[in-house]
Amino acid sequence: MDATITQDAPTALTGFSREAVLDLSRRKGDPDWVRDARLAAWDHYETLPAPARTDEEWRRTDLRALKLDRLAPFAGLDQERVSLDALSQNGHAADRDGALAIGSADQRAGVVVQRDATTLSADVDPSLAAQGVIFCDLDTAVRDHADLVRRYFMTEAVPVGFGKYEALHAAFWQGGTFLYVPRNVSVELPFRSFAQAQEPGAAVFTHSLVVLEEGAEAFFVDAYSSPTQDKQSFASAVVELILRRDAKLRYVQVQDWGRHAWSFLTERATLADRAELKSLHVTLGSRFSKNSIGSHLRGEDTLAEMLGISFADGNQFFDHHTWQLHESPHATSDLEFKSALKGSARTVYSGLIKVSEGAQKTDAYQQNRNLVLSPTARADSIPNLEIAANDVRCTHGATISQVEEEHIFYLQARGIPRTEAQKLIVEGFFRPVIDRIPVEEIQGFLQAAIGRKVGM
Amino acid sequence: MSDTNTTGAPMFEIENLHASIGDKEILKGVNLTVNKGEVHALMGPNGSGKSTLAYVLAGHPSYEVTEGAIRFNGEDILELEPDERARRGIFLAFQYPTVIPGVSMANFLRMAVTNVRNARVEAAEAAGGTAQKMTPREFRRLMKEKMALLKMDDAFATRYLNEGFSGGEKKRAEILQMALLEPTMAILDETDSGLDIDALRVVSEGVNSLAGPDMGVLLITHYQRLLNHIKPDFVHIMMAGRIVQEGGPELAHELEAKGYETLRAEFAAD
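As they're listed, the protein sequences go chains A and B.
Heads up, the first sequence stops at 599 in our numbering, and the numbers go up one at a time, no gaps.
Heads up, the second sequence stops at 318 in our numbering, and the numbers go up one at a time, no gaps.
Treat the hints with caution; some may be incorrect.
Reference listing, derived: stretches of chain A covered by chain B, where coverage requires no fewer than 3 residues with Cβ under 8 Å from a Cβ of chain B [what the hints assert, rightly or not]:
| no. | segment |
| --- | --- |
| 1 | 203 to 209 |
| 2 | 353 to 359 |
One-sided and incomplete, this derived list gives chain B residues near chain A with beta-carbon spacing under 10 Å [claimed, not checked]:
| no. | residue |
| --- | --- |
| 3 | A154 |
| 4 | N155 |
| 5 | M159 |
| 6 | V161 |
| 7 | N163 |
| 8 | V164 |
| 9 | R165 |
| 10 | T183 |
Just so you know, these hints were derived from the structure itself, not from any lab.
Glycine included, every Cβ here is placed at the ideal spot set by N, Cα and C.
Sequences are here, hints too, so could you generate the full structure?
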């Protein structure tokens with residue numbers, strides 16, 4: 144890869160390289176152990192094979208149009224910090240029409256707003272901080288809570304050697320949010336993280352590291368967005384959700400990158416005994432989105448509810464792979480992913496329920512439904528079961544359907560114009576999933592987002 | 049509605065209507081006129097084309113009209129989309145109401161009422177008059193009132209459109225929609241089918257309370273039973289895609305006594 148050093152330019156290099164790792168690390172002022180970890184990750188990246196289309200997971204994914212060597216590996220370091228008030232008042236992207244709100248102080252437990260590689264603003268409820276709750280960007284966590292970061296960052300949920308793109312992420316992570324909730328602390332209001340990308344032609348790396356200690360409870364809303372630009376960009380997200388015994392987490396992620404972005408997400412949750420995860424993934428933006436989302440049900444009596452809503456239009460390509468990994472007895476996983484498509488969009492869903500030998504009394508459910516709104520859109524759905532225990536209940540179902548003309552006619556016969564009728568039907572398609580998120584703000588956001596997509 | 053520009057014309061006029069599905073002609077020249085305030089019953093054996101006529105009047109896209117006309121207040125409505133027809137005041141109560149998962153009754157009704165009423169307000173304004181659009185509060189009050197009229201539980205509004213409804217509930221829901229949309233031309237397709245005697249009474253009372261001097265009604269039914277509850281002014285009998293006999297209410301009784309077989313022998317020859 145070419146590595147041209149341009150002095151005084153905000154972005155020093157093009158393409159990913161060892162030099163770029165060192166340049167990023169120096170500019171960020173990483174401690175040595177972070178720099179060394181980045182270099183070790185870079186070595187992993189160089190050693191690991193690129194995903195091949197012979198791999199089942201990558202079979203339907205065409206990466207030829209992704210030009211990593213033309214990208215700036217990082218951008219927008221050292222932007223000025225902005226107060227939250229100013230962010231809200233200036234119609235900041237996080238508060239633009241149709242985006243999730245930053246929320247006022249009484250509507251959140253804390254907030255981190257990042258743009259490109261810089262944190263613009265962050266706060267956390269002081270009474271929570273007094274109880275030991277940590278909510279901050281990863282740089283701050285590296286500085287103030289190095290022991291926790293060293294212990295959890297890409298070690299347990301998504302290890303550095305997980306795959307090639309994860310290794311690249313470990314070498315080049317720039318933004319990132321860290322949430323730590325100590326034992327038996329329960330937080331009802333959401334922690335909100337906003338990751339935005341503004342620099343054209345650059346890569347952006349977002350990272351969410353959530354650690355809930357025994358009996359802790361939290362709600363995390365993770366939003367990615369950028370305006371659509373001409374130059375291709377690359378967005379690499381890693382999400383690590385670590386739930387100790389009896390911990391409960393609600394995690395909502397909204398991906399709304401601009402249509403120039405190639406987005407890669409790797410998310411793994413690990414659940415200890417009796418832990419409960421309720422997650423929702425909303426995929427709206429990007430040109431290309433490859434999402435790998437999995438729950439390791441490591442403890443007994445754990446519960447993972449995994450919901451997904453995606454809506455692809457134009458030439459968008461969304462590829463969702465899910466993993467429900469049952470490793471202990473008496474655990475329940477309940478997955479429902481719904482996708483609508485229009486234009487010449489293409490989606491792939493592939494889900495695996497894997498039950499290990501000792502995981503008796505597993506109750507696993509997996510449902511994927513696709514609503515195809517145009518004759519040029521195409522959805523594929525591939526459900527899989529892999530069961531090594533003999534006393535389990537596993538069910539899965541997949542459907543690909545179109546809007547029925549009889550439904551449209553019925554609504555039209557009641558005076559509702561065709562486009563509105565279609566919107567009503569698409570909202571109805573997603574409604575059962577939306578109703579499973581008992582948070583009015585999120586429900587309202589989803590309904591509006593779906594309405595906009597239908598009308599586009 | 050705007051019937052001002054067409055003085056003297058009948059309200060609803062079907063003239064020599066031919067319609068096909070695929071290559072199959074189902075309606076073979078139907079003539080029928082409904083004036084304001086009139087209740088017409090359309091009877092006939094299964095397969096005679098009654099439901100096809102209902103669908104064609106409402107604008108179902110599967111049927112192609114090959115000949116003839118449908119005029120509403122003097123306007124040819126054949127080229128109008130189903131929703132445009134509904135906004136002009138035509139209502140079809142479906143024989144088999146469609147189940148639409150995830151769409152709540154309340155949300156659906158509000159959308160339907162908003163579209164139809166707003167169109168009416170705009171039409172009134174265009175004609176130089178004034179009318180009020182409905183506020184959400186007024187809508188809720190009206191919905192409650194009409195639900196009470198049809199003896200429907202409040203919980204109904206939160207359920208998904210026709211999902212898990214019994215036959216009787218579906219038919220009540222159809223009449224509820226009619227009550228909220230206040231059509232000037234109502235076509236009721238086999239609204240009595242699948243109803244027990246109590247439900248039939250509730251539904252019939254609902255229709256009777258809505259019918260009035262400004263509304264035309266076309267009741268499509270296989271049996272005389274419904275006509276004991278809703279009294280028609282005129283009865284038409286359809287066979288093989290045509291109206292073969294017309295008369296007053298006595299015709300329905302005659303038909304009940306003789307049965308369709310006698311008629312079939314007379315008219316099915318061609």
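Quick rundown of the hints versus the structure:
no.: 1; hint: 203 to 209; in the structure: violated (count 0)
no.: 2; hint: 353 to 359; in the structure: violated (count 0)
no.: 3; hint: A154; in the structure: 12 Å, violated
no.: 4; hint: N155; in the structure: 7 Å, holds
no.: 5; hint: M159; in the structure: 5 Å, holds
no.: 6; hint: V161; in the structure: 8 Å, holds
no.: 7; hint: N163; in the structure: 4 Å, holds
no.: 8; hint: V164; in the structure: 4 Å, holds
no.: 9; hint: R165; in the structure: 9 Å, holds
no.: 10; hint: T183; in the structure: 18 Å, violated
The structure does not agree with the numbered hints 1, 2, 3 and 10 stated previously, though it agrees with the rest.
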